[in-house]
Amino acid sequence: MVTGGGTLRIEVDRDRCCGSGNCVLAAPEVFDQDEADGLVLLLRPAPPPEAADRVRRAADLCPAGAIRLT
Numbered sequence: 009m010v011t012g013g014g015t016l017r018i019e020v021d022r023d024r025c026c027g028s029g030n031c032v033l034a035a036p037e038v039f040d041q042d043e044a045d046g047l048v049l050l051l052r053p054a055p056p057p058e059a060a061d062r063v064r065r066a067a068d069l070c071p072a073g074a075i076r077l078t
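In my numbering, the protein residues as written are 9 to 78.
Derived from the structure by calculation, the hints contain no laboratory data.
Any given hint might turn out to be false.
Here are the in silico distance ranges between beta carbons for each label pair [said to hold, decoys possible]:
{"id": "1", "residue 1": "A72", "residue 2": "E37", "range": "18 to 24 Å"}
{"id": "2", "residue 1": "P57", "residue 2": "D23", "range": "26 to 32 Å"}
{"id": "3", "residue 1": "D23", "residue 2": "E58", "range": "17 to 23 Å"}
{"id": "4", "residue 1": "T15", "residue 2": "G46", "range": "26 to 32 Å"}
{"id": "5", "residue 1": "C26", "residue 2": "L77", "range": "15 to 21 Å"}
{"id": "6", "residue 1": "G27", "residue 2": "R65", "range": "14 to 20 Å"}
{"id": "7", "residue 1": "A72", "residue 2": "R52", "range": "19 to 25 Å"}
{"id": "8", "residue 1": "T15", "residue 2": "D68", "range": "25 to 31 Å"}
{"id": "9", "residue 1": "T15", "residue 2": "D45", "range": "28 to 34 Å"}
{"id": "10", "residue 1": "S28", "residue 2": "P53", "range": "26 to 32 Å"}
{"id": "11", "residue 1": "E19", "residue 2": "G46", "range": "26 to 32 Å"}
{"id": "12", "residue 1": "T15", "residue 2": "A44", "range": "18 to 24 Å"}
C-beta atoms are modelled at their ideal positions from N, C-alpha and C, and glycine is treated no differently.
Based on the provided sequences and hints, a complete structural model is requested.
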């Protein structure tokens, strides 16, 4: 988990994604699911500071570990 100040950056690994949708439920302004295959789509690689807690929760909830925060 990333803590402290600074700009939060997100990377997703679609090859690891299993399509659970937990990320979309936790932070719908940052993540979506591809209608064709159900895999994660990253809408905002650098989310606003007010979304940071939701993004961290999304990463924690990802069963495949497909979300990386830096």
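Against the structure, the hints:
1. For the pair A72 and E37, the supplied restraint of 18 to 24 Å holds, since their beta-carbon distance comes to about 21 Å.
2. Range check, P57 to D23: Cβ separation about 29 Å, and the 26 to 32 Å hint holds.
3. For the pair D23 and E58, the supplied restraint of 17 to 23 Å is violated, since their beta-carbon distance comes to about 30 Å.
4. The hint said 26 to 32 Å for the Cβ distance between T15 and G46, and at roughly 29 Å that hint holds.
5. Judged by the Cβ atoms, the range 15 to 21 Å given for C26 and L77 holds: they are separated by roughly 19 Å.
6. Roughly 18 Å separates the CB atoms of G27 and R65, a value that falls within the hinted 14 to 20 Å.
7. A hinted range of 19 to 25 Å for the beta carbons of A72 and R52 is consistent with their spacing of about 20 Å.
8. At roughly 19 Å, the beta-carbon separation of T15 and D68 lies outside the given 25 to 31 Å, and the hint is violated.
9. Distance hint check: the CB atoms of T15 and D45 are about 30 Å apart, consistent with the given range 28 to 34 Å.
10. Evaluation of the 26 to 32 Å hint for S28 and P53 yields a failure: the beta carbon distance comes to about 20 Å.
11. Distance hint check for E19 and G46: the Cβ-Cβ separation is about 19 Å, which falls outside the suggested range of 26 to 32 Å.
12. Range check, T15 to A44: Cβ separation about 31 Å, and the 18 to 24 Å hint is violated.
In terms of the numbered hints stated before, the structure departs from hints 3, 8, 10, 11 and 12, listed from lowest to highest.
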